[in-house]
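2 protein chains.
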Amino acid sequence: MDGFAKKRLDGLAGMVNSRLEEIKQKVLEKAGAQADIIEAMWYSLSAGGKRIRPVLVLEFCRICGENAEDALPAACALEMVHTFSLIHDDLPCMDNDDMRRGKPSCHKAFGEAQALLAGDALLNFAYEILAEDGNLSAETRVKLISELSKATGVMGMIGGQVIDTTYAGEFDEKLLLDMYSMKTGALLKAACKMGCISAGADKPLIEAAERYAEKLGLAFQIKDDILDMTADEKILGKPVGSDEKNGKRTYASLKGLEDSRRYAEKLTAEACGELERFPDNGFLKQLSGHLLSRNY
Amino acid sequence: MDGFAKKRLDGLAGMVNSRLEEIKQKVLEKAGAQADIIEAMWYSLSAGGKRIRPVLVLEFCRICGENAEDALPAACALEMVHTFSLIHDDLPCMDNDDMRRGKPSCHKAFGEAQALLAGDALLNFAYEILAEDGNLSAETRVKLISELSKATGVMGMIGGQVIDTTYAGEFDEKLLLDMYSMKTGALLKAACKMGCISAGADKPLIEAAERYAEKLGLAFQIKDDILDMTADEKILGKPVGSDEKNGKRTYASLKGLEDSRRYAEKLTAEACGELERFPDNGFLKQLSGHLLSRNY
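These protein sequences, in sequence, are chains Y and C. All the letters of the first sequence, read from the start, carry residue numbers 1 to 296 under our numbering. All the letters of the second sequence, read from the start, carry residue numbers 1 to 296 under our numbering.
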């Protein structure tokens with residue numbers, strides 16, 4: 001990424017972080033004995049994630065012709081759902097990961113019961129934020145909630161997690177790609193579409209955003225697989241080799257590193273092609289390339 | 001309850017059961033490898049609960065002058081949220097209960113990972129159902145989602161669960177009653193209000209429903225405490241004495257059985273007083289009395 005793109009990425013991520021902090025302060029004002037769980041929720045929410053999903057929400061809203069600010073509720077809701085999934089994925093009955101983003105995972109820091117409830121509360125809060133946002137029309141709010149709930153549910157992210165948990169050792173290429181499309185793809189797709197919806201964009205634009213997200217999501221997941229085999233643990237912020245340790249087949253383990261790299265590059269190029277329909281797409285193209293070349 | 005009320009209770013619960021079954025079939029049609037999780041979700045959803053919350057939704061819609069059917073999405077969404085909370089409460093890191101409603105609890109039947117995800121999926125699905133319901137206006141859907149999410153979140157049911165988990169051994173009367181009002185009261189209140197909202201009722205009616213629910217919810221929880229000390233395990237469908245075993249202070253253990261019974265009676269009478277504002281309130285009055293005298 002050039003200096004301009006880096007600055008915009010930081011700017012958009014900063015907008016999300018500020019809004020999340022504002023929401024926390026508002027919730028804390030009303031909270032009594034629930035202050036503990038709010039700390040657990042925001043511990044994970046502020047753990048220095050890349051903020052890719054909320055940045056996509058804001059940027060798609062902007063290139064659809066509206067202010068990025070209009071999409072902040074959708075961006076925060078999406079980051080809450082993403083964080084909920086990380087907290088629950090890390091639990092002992094799931095992946096049993098002690099570290100996340102370079103810090104102890106939520107259940108290591110707050111105990112299992114609080115981590116379970118913090119995840120539940122974040123998922124639920126995403127819908128509260130969208131339903132309560134007075135700046136958007138009721139129609140837009142309903143569209144956003146519908147989009148987010150379908151992307152999160154049994155036909156989306158949670159469904160992908162189910163398949164991952166149940167069949168991880170026996171994947172063939174088709175089931176693996178289906179799982180990726182649900183587990184990672186669905187939420188990235190929701191991010192891009194929710195940005196367009198927040199801007200009141202029309203159907204052809206929303207569909208182009210969806211195709212972009214589909215390809216980007218798959219490239220993103222394959223890159224994750226590659227990093228799990230090759231990354232520097234200190235830079236990645238979590239243990240490497242966990243897929244192999246857990247007996248999980250991934251695209252990279254099925255196809256090899258070289259084929260995986262080439263496929264991720266091809267998908268990223270195709271994703272960028274879908275951006276031609278949007279004006280002022282320079283930042284998104286750079287971001288897509290950056291996700292492909294990242295080492296964390 | 002007389003024969004008439006018993007018949008109406010069965011009729012309303014039957015409507016909810018049919019709609020839930022319809023929803024399951026629709027989801028299963030689209031599901032591939034996620035069929036397992038759908039079985040886990042409906043295993044708990046169909047485990048023969050009393051259906052008190054969805055029945056309240058339907059009946060409040062009816063006595064506000066609309067068809068009970070109009071409130072079926074809200075009723076099903078609420079039962080999903082209630083069931084999600086039971087599944088997660090039963091997990092080993094929470095109450096670690098092996099039995100629920102006379103059957104093995106969800107994680108005993110499907111494993112911990114699937115139970116965790118089934119709970120997540122039910123919570124999420126509640127919002128999908130409300131957002132997608134084409135029979136209600138966008139405004140009404142947003143009001144329902146807002147009501148449900150606030151009742152479920154850190155200031156409602158989940159917040160009550162947090163306080164219960166963190167402070168159960170040290171409750172004084174005030175914190176205990178606050179916890180009851182969140183953990184049980186919030187969702188019962190949401191049930192009554194969502195029935196009114198589904199009917200498009202005006203504010204004074206919604207507020208009367210809220211006051212009714214507040215009193216009924218507290219009576220309901222105190223009755224639960226009494227049953228945990230006195231019930232027949234076979235009729236209750238879950239182990240008795242679990243509060244004492246887990247070192248939990250309850251209203252009944254703080255105040256004694258006799259005072260608790262008297263207070264629950266007084267609250268139920270006051271709750272019924274709030275129903276005077278509604279026409280055709282006979283069934284709800286009988287249901288309230290039935291909840292007080294139940295032995296399960």
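Hints were generated in silico from the structure; no laboratory data involved. Among the hints, a few may not be true.
The list treats identical chains as interchangeable, and a pair is accepted whether it falls inside one copy or across any two copies.
To be verified - In silico SDA-like pairs for lysine to any residue, Cα to Cα no more than 25 Å straight-line: (1) K234 to D36; (2) K203 to K238; (3) K150 to K245; (4) K30 to I206; (5) K50 to L9; (6) K203 to C272.
What you are looking at is a predicted structure, and each value in this text was computed from that prediction instead of being measured.
Hints and how they fare:
| no. | hint | in the structure |
| --- | --- | --- |
| 1 | K234 to D36 | neither (29 Å within a copy, 37 Å between copies) |
| 2 | K203 to K238 | neither (39 Å within a copy, 52 Å between copies) |
| 3 | K150 to K245 | neither (32 Å within a copy, 41 Å between copies) |
| 4 | K30 to I206 | between (38 Å within a copy, 23 Å between copies) |
| 5 | K50 to L9 | within (10 Å within a copy, 51 Å between copies) |
| 6 | K203 to C272 | within (19 Å within a copy, 51 Å between copies) |
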